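Enquirer: If you want the building blocks of each chain, they are given just below.
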Amino acid sequence: MKNIAIIVTTPPTSHFTKTALEFVKDAAMQFNVTGVFFYQAGVLNGARNIDLPSDEVNLSIAWRNIAQDLNISLHLCSTAAERFGLTCFLDDGQPSLQTIQQGFKPSGLGEMVALINSADRMIQL
Amino acid sequence: MSIKSLAIINQTAPFGHANAKDALDVALIMGSYEQPTSLYFHGDGVWQLVQESQPEKLNIKNFIKTFDALAFYDIEHIYVCQDSLLQRGLTAINEIDGLSILPAIEFSASLKRHHFILNF
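From first to last, the protein sequence lines are chains V and L.
According to our numbering, the first sequence holds residues 11 to 135 in order.
According to our numbering, the second sequence holds residues 5 to 124 in order.
Be a bit skeptical, because a hint or two may be false.
[To be verified] Some chain V residues near chain L, calculated using beta-carbon distances under 7 Å: (1) Gln50; (2) Val123; (3) Ile126; (4) Asn127; (5) Met132.
[Unchecked claim] Each computed DSSO-like pair below joins lysine-lysine, with the alpha-carbon atoms no more than 30 Å apart: (6) L:Lys116 with V:Lys35; (7) L:Lys8 with V:Lys12; (8) L:Lys65 with V:Lys115.
Keep in mind the hints are simulated off the structure, nothing from the lab.
All values reported here derive from a predicted model rather than from experimental measurement.
Glycine included, each C-beta is placed from N, C-alpha and C at the ideal position.
Kindly produce the complete structure, drawing on both the sequences and the hints.
Expert: Written as structure tokens, this is what we have:
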């Protein structure tokens, strides 16, 4: 089965991110999605305190559910996350549950290198 | 883990958006992990190569100087789209080791030689 890596650089307010989410769901049925790496404004997808009207899709929660249901790792670029005001690390290196959505792991760009290297295909949205 | 080659395309101007700096950060990390990485400058991305830009006047850190360090990170293949330069009337650009100016058709043919492409 082919390995697919996904790079998300758009925030949850972007419709491209909704497309990325749908793409990941469909790709996971046919391929091994090795991970989703959130870079640039994409890190805002990992913000826990996004509050939306109940009739709109909360992408932060949708990503959390995907990570649980499909067992896909969600890597949050920690440098970018801090630039956007998401303090990632607690003293023990775990993501802060006050700011970071469950299922997202703070990662360095080195994780992106590893994802790219293990992938047969890479998709950037 | 087999080695894959990556092309990073820069197509936004340097100081209106964080894209250029973010692309450079990815390039340097890829280089430090010894991954074959090439840089491409296309469209408004060629403005990143303008000589003697002074981003400090906009309170922006001068990350453009870091282009000089690319060879140190073994990033030795840098391609610039000649058509993009001509369309913008740019005749003089920064001299960076390993930089080649290619007509659009050769530029795109060269891109095809990479496994992966990231766009900024």
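Enquirer: Work down the list of hints and note, for each, if the structure agrees.
Expert: How the hints compare with the structure:
About 5 Å separates the beta-carbon of Gln50 (chain V) from the nearest beta-carbon of chain L, less than 7 Å, and the hint is met. Checking Val123 (chain V) against chain L by beta carbon gives a least distance of about 5 Å; that is within 7 Å, so the hint holds. This hint holds: Ile126 (chain V) has a C-beta 6 Å from the nearest C-beta of chain L, less than the 7 Å allowed. Given the 7 Å rule on beta carbons, the hint for Asn127 (chain V) holds: about 5 Å separates it from the nearest Cβ of chain L.
Annotation: Met132 (chain V) was flagged as interfacial toward chain L, and the flag holds, the nearest CB pair being 5 Å apart, inside 7 Å. With a CA separation close to 28 Å, the supplied pair Lys116 (chain L) and Lys35 (chain V) stays within the 30 Å bound. Between Lys8 (chain L) and Lys12 (chain V) the CA atoms are separated by roughly 15 Å; this keeps the pair inside 30 Å, and the hint holds. The suggested pairing of Lys65 (chain L) with Lys115 (chain V) holds, with an alpha-carbon distance near 29 Å, which does not exceed 30 Å.
Going through the hint list in order, the structure satisfies each hint without exception.
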